[in-house]
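Chains as they are written, first to last, in this note's numbering: chain B, 15 to 355; chain X, 65 to 223; chain V, 222 to 1038.
Because the hints were derived from the structure by calculation, they are not lab data. Here the structure is a predicted model, which is why all the values come from computation and not from measurement. Since no wrong hints were added, every one of them can be taken at face value.
Residues from chain B that face chain X, not an exhaustive set, calculated with beta carbons under 7 Å:
{"hint": "1", "residue": "M15"}
{"hint": "2", "residue": "L16"}
{"hint": "3", "residue": "N20"}
{"hint": "4", "residue": "F21"}
{"hint": "5", "residue": "L23"}
{"hint": "6", "residue": "T50"}
{"hint": "7", "residue": "P54"}
{"hint": "8", "residue": "R70"}
{"hint": "9", "residue": "T118"}
{"hint": "10", "residue": "V119"}
{"hint": "11", "residue": "T124"}
Note that the Cβ used here is the ideal one computed from N, Cα and C, for glycine as well.
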Amino acid sequence: MLRLPNFTLLQPQTLSEALALLAVDPHNTAILAGGTDLLPNMKRRQQTPRRLISLRHVSELHKLAVSDAEIRIGGAVRLRAIEDAPIIAEEALALRQAVSQIATVHIRGTATLGGNLCLDTRCDYYNQSEPWRQAIGYCKKKDGDICWVATSSPRCLAVSSTDAAPALMALDAKVQLRSVRGDRELSLSDLYHNDGIHYLTKRPDELLTQVRIPRRPGLRSAYWKLRRRGAFDFPLLGVAVAVQLDEEGLVRDARLALGAVSSQPILVEEAGKRLIGQELTNDQIDEVADAAYSLAKPMDHADMSLSYRKGMVRSLVRSALREVRGDDIAADRQRLMRMLG
Amino acid sequence: MKQPISLIVNGERHDTLCTPNLTLLEVLRENLQLTGTKHGCELGECGACAVLLGEEPVLSCLVLAMECDGLPITTVEGMKRGAELHPLQAAFADHGAAQCGYCTPGILVTAKALLDRNPSPTRTEVREALSGNLCRCTGYLQIFEAVEAAAGILREEKQ
Amino acid sequence: MSQRPLHIIGKARRRVDGRAKVSGETRFADDLILPRMLFCRLLRSPLPHARIVSIDVSRAQALPGVHLVLTGADLPTTFGILPVSQDEHALCLDKVRFVGDPVAAVIAQTELLAEEALALINVKYEPLTTIASPEEALAQSEPRIHDYGDSGNIHKSVAMSFGSVEQGFAEADHIFDDTFSYAGNTHLPLETHAAVAALDPDGKLTIWSSTQTPHYVHRSIAKVLALPPSRVRVIATPQGGGFGGKTDPFNHEIVICKAALVTGRPVKICLSREEVFYCHRGRHPVLMRLRCGVKQDGTLTALHLQTLLDGGAYGSYGVASTFYTGALQTVTYHLPSYRFEGCRVFTNKPPCGPKRGHGTVQPRFGQEVQLDKIAVALGLDPAELRLRIVEKPGALTANFLKIRTIGLAECIRSVVRRSGWADKHRKLPYGRGVGIACSSYLSGAGMPIYYNDMAHSGVQLKLDRSGLVTAFCGAAEVGQGSDDVLCASVAEVLGVEIADVKVVTGDTDLSPVDLGSYSSRVTLMMGNAAIQAAERARELVAGPVAAKLGVPVEQLVFSHGRVFPAAAPETGMSFREAVIIAEAVHGTLGTTGSYKPPKPAALFKGGGVGPSPTYSYTAAVIEVEVDPDTGWLHIEKIWIAHDIGRALNPTLTRGQVEGSVYMGLGEALMEEQAFRRLPPKLSGALVHRTPSILEYKSLTSLEMPDIDTELIEDPDPSGPFGGKEVGQGPLLPIMPALANAIFDAVGVRIDEVPITPEKILKGLANLQAGKPARVGPKGFPTVPYPEPLQVPTPWQGGDGRAVNDAVRSKDKRAKNV
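This is chain B alone, in the form it adopts within the complex (with noise of 0.2 Å):
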């Protein structure tokens, strides 16, 4: 049986106390939220913290509220618990989409918001037991000096692999970070770089304490996901749109937001630039598209060839652009992803 590494179990009841508890080691320090990406990680030894500072019974971080203005969501709040709420459903029906595409039923039941938005960057050549890496001489990213996946590469090529963070940033979400030196807001884009290996901009002390959806009136969204299997995998392309449209059918706003093609999830500004203002045409649709696709590179680090996952990048905006515009392609959906209801 693979087993853990001994370590500092930590389990705080405040915020205040979590956050002191992370001031004090940050660096050899983990946030323990569901654990579903952490422990596996430290059971392969890919992760080595000394401490981990449960969330469990922080229940500020739990709580799901919705204002007026926005939706918002703790941090530790479960994805189940977002996959079964109304608002989710009514209002950021991408998320909705994402989340209950996340892993399994019983990660669902475990794994925390929070704890997507900063899952560990994935690759072939990382997520394997100390063994195995030891047989490649390891990776840049754990305690080697190579990149595998593209050998000259300068940075670490891992790919981000949340699902919940490109249908935020279609939702325009921001995240709130919190230490003991004080708070502060992101929007969701700003939390990532595009590196593997620091792919948060999130400081080794702060929280990550809570997501905000501004509610906006008629707004569709929707979150296709491109995997082997329905249920298990991680991304190998996630494209998020939201889209507000006028009396007219004009877009008001409309933003796309790729997952699992780099480091980092990806805006696509040109999507919003070429939108507004326009009617959703196949044509429109068609030149979103392209755009998405130049900015999609993914790499050989995950199954499918990276060729075709490139190439369904077209396919998926399509797909995306014209369920919302109100196509009707729910066969698509679950064909595409055995999403079922």
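Once you have looked at the hints, place chains X and V on chain B.
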């Protein structure tokens, strides 16, 4: 340093000593010798170690035992009603839903959580609810049928 | 005894071990906890090919809590499943042959401690050139991965010719020449291999292990540890899935036995999921070329099959696997002439071996896709083409395989009818299609793994005054339901309830030898042995009862727990009372039964692989939808018909069919044992790409389509109650039926497994570019096959011997390979 914890497993309180690095899976199987809960990867990739934490199916390989202090846990051993099989267990045995039986405990508790929440699931809902439990023997179809048959019996029991 | 209808056999029923499996009470190997138990972990090679220069275990040994460290020098004797490839060491002695090859073992107080101690072992290696592929193995005879085998890195190369294919091709109107490739994949049983070894109070060694072949494990342990087999006891625990992955004796089993002997304490090992990928013994990657001669009406005139198998680093079942790639082409469709050439090479990867359908799956894919191409070219319906050429019952094939019953035509008609084939094939709109394929499989290998004249399966019965019948048999319960078959067979013959029979299985101390759960042999062989033992017990009881009742023995009926004269049931007695009468007359009651397959007709070298008491047959139709934009596949439905002879327990047999379909579909769509080779200048590593259950993709409940199963029941006289195999055959038609359905849907030929969306898009792109709409191997390499054995066919007056085998012609006895 070992610390005392209390787990409420299948309605019984178990006091045991554990270190922070022990998962619920290890404590159930090794401290409490409740070996009905299985393990196939210990990384959250197969579903064999599923147990109920409260009402929720979770993977015992990815939950620290110390995080479960004082919480109610249901394992396959807790499903039987005295000497009688739970209707889900009986249906699994009768419908060929258990071949090698190794994925069965995890699937049974997951199916129990489903039926507790949704007494009349559609085939689609059954598929979805069990999509985190891999089975290498059956091809799943007899498992679906067993869950549906048990759902019928449980509904009759309630009436 | 008077005949009566069957009471238990043929009726859907809860399996005898069903209750334990659903209550969590089935004790798998890792569930065993013994007092003072120690834990073992193995240090595995980080290099794909290297000489071991030195091993320093002193630091690990010194760690408090570590009880023992073992290295290759402690277990120098070789072992292996086949007598001809005793090429494994429990721990590598002088060299390592793949990343994952075990080098040392630590036995410690806890598993975590054993794991941590592994890091303290210092092994110095001298790297050797890595052989990564069959092409490299053929091109580089040095360095040799093993110092045995046919030559260089060729493990085994075989060739045999039945009749004249040259003449067959000359008579053909068309010759089809196709190459196919089949990727390697693995069993992925949900239970990882586990075992516990301990010394009995009397000093004998016992090992509980999740093995499909306790008998062969018994032999290997006795051999390596140089112990009399009588002092070694192997107990096969119920397994959490095997599928062929637990049919070899394994390093870890031998290591913990040694450790138990040295420490005097129980020692447990439970492999990690990653280690199971290194044990492997899964499906060989096979490159195939099939040249087939056909007449205008579809009649086959000749088949020339060439195979090239990537064997990985050890022999395992590989020699048998090689022969199996050429064995069963003849049992489905009549082939007047046939030539087979097969070659297995060593590479620095985990060893391949037997997985469900052992060796026959890959060429079956090629053969059935080629038949589809033939049908298209001849303008024939592919179902009709197959019906025209189905082999006849009772036939002796070109390669001397004896067909008994053959329900293949019924299977084809069944799936054609139920799927609405006539309205769908070539008639569905673009993007949707149907495909058909057939297959056959052994109901048990005709020859044992090591040559001997003894029975393949033995059953012993004990009856006593309690009325309980205890059945003992060495068969291993993998999950397939062998305990249920044993119990039901005995209960049926003796006319008692299932609950009145207890089974004791898979224990080499207690139960008579059964060769193991492989080659779909258990139901047929153990079943026949069980019937024989039960019939003998019935006679033993019937005599005294008939005497007591004053009726002729022939008039007695054993039914519903009673023994009575057919004409006057009310004058009879309970089975228990009958046993009491018999026990008073005979003393202690016990019987035995045994089964040995009929002698094969094939007497040529290699003819030991392929013969079986009888063959099962299957046909399947798959309906698929292909999205031409994404290459995404959606399986609408699968119709399957399986000629099973008789379904002993329809609930279980349906489960075997559906489980086979599931596993076949997984192979067809996504399962692949893939490797990565890093640039030699930088690392040279050759590693399993993703040895995890997450990245080795298997179907979830969401991908599983509906299956419509029909069992074709025409009892076969060779099977118990007429039953034939069901555990493997239904897997085989799935991959080719899917490939054929995709062709029907979008006009693209995928001549490779797995069939992925990428490949479909590639095929569609080829089609658009005006190139052949095919994705598959470009060609077949030159393989130095030997001069073929020339075996005249039965219709040429052949006697099953080769005319050009000087050695064999002197030796009249057919030996196993």
